[in-house]
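With the sequences and hints as input, model every part of the structure.
For the sequence shown, my numbering gives the first residue as 266, with consecutive numbering after it.
FRET-style restraints, in silico, Cβ to Cβ: (1) G545 with T419: 17 to 25 angstroms; (2) H467 with T419: 22 to 30 angstroms; (3) H467 with D330: 20 to 28 angstroms; (4) R392 with R322: 14 to 22 angstroms; (5) P340 with R313: 14 to 22 angstroms; (6) T415 with T310: 33 to 41 angstroms; (7) A397 with D330: 24 to 32 angstroms; (8) T344 with I559: 32 to 40 angstroms; (9) R270 with L439: 35 to 43 angstroms; (10) G545 with Q505: 25 to 33 angstroms.
Everything labelled a hint here was simulated from the structure, so no lab data went into it. We put the CB at the ideal spot given by N, CA and C, even for glycine.
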Amino acid sequence: MAHPRRTAVITASYSKDYERCAILCESVDQHLKGDWTHYLLVAGTDVRLFQTLEGPRRRVINERDLLPWWLKAAPSWMTYKGRALWLTPFSPPLRGWHVQQLRRLAISRHLSEQAMFSIDSDVIMVRDFDPAMLWHGNDLMLYRRDGNITGNHTDHLKWLAHSDTLLTLPSPALPAHDYINTMIAWRTDTCRALLDSIETHHRRHWVRAVLASRSFSECQIYGRYADETLHGKGHFVTDQALCHVLWDDDTVPLDERGLRQFLRDLAPHQIGIGIQSFLGFNARDIQRLAAQEIR
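The following block contains the structure:
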């Protein structure tokens with residue numbers, strides 16, 4: 266009998282998202298089945314805070330153990346509009362969301378688990394799920410929305426152009442595929458091969474190559490590498506997102522009625538909800554209403 270595959274659940278977070286991350290951890294412990302370990306990837310200054318969430322299946326990882334020495338968190342007095350910055354000799358200062366993406370890629374070189382199941386810290390799991398279901402035989406799920414990126418998606422176009430250069434791929438015709446969601450799966454061996462490939466092509470540390478532009482998406486980078494460089498080897502494609510996401514402030518009314526409407530739209534195959542923190546909903550209110558609306 267084959268040994269069951271193990272899963273590394275990956276969440277990159279920071280102090281201002283601590284409460285949301287704590288709720289995510291509660292929901293993961295309640296709903297995630299099978300063989301998994303949850304890794305919380307945080308800045309050095311946040312390690313002690315997040316260690317309160319550690320347990321038998323959860324570890325806190327200091328970004329200093331993942332990223333090159335020359336990428337450093339700026340002193341606390343050096344912020345941009347009150348938000349933390351990271352400094353590097355090879356790029357303008359980075360914001361937290363840049364570094365969180367780098368952590369998610371970097372940890373692949375430190376894992377023994379076969380799959381990486383990335384879950385953002387503003388997600389709440391609402392249904393039972395065994396990550397063994399991410400596999401069909403030897404192939405892992407690759408989330409992809411075909412033709413979702415059009416000429417109107419300004420940020421996506423920048424991320425797409427960055428991945429062209431980073432992966433030495435021709436620019437795809439529009440509309441192009443979109444690989445972004447708040448709950449996605451990667452093969453650990455594929456992610457390691459991606460980083461090796463970047464270093465081979467650009468003859469420098471992969472982080473330095475990624476930082477040739479601050480407009481990048483780790484989901485687009487991995488998705489296009491798996492799809493176009495590896496021609497889908499080791500993956501099967503699906504457009505069924507595991508997480509029901511409220512991305513924008515014009516999707517539903519930003520009140521309890523709108524939130525209930527959003528929750529009732531959860532599809533049968535979806536196991537999590539993700540509501541962007543900047544939309545202003547209280548995390549415990551989301552958790553309470555989800556328990557009422559989702560069956």
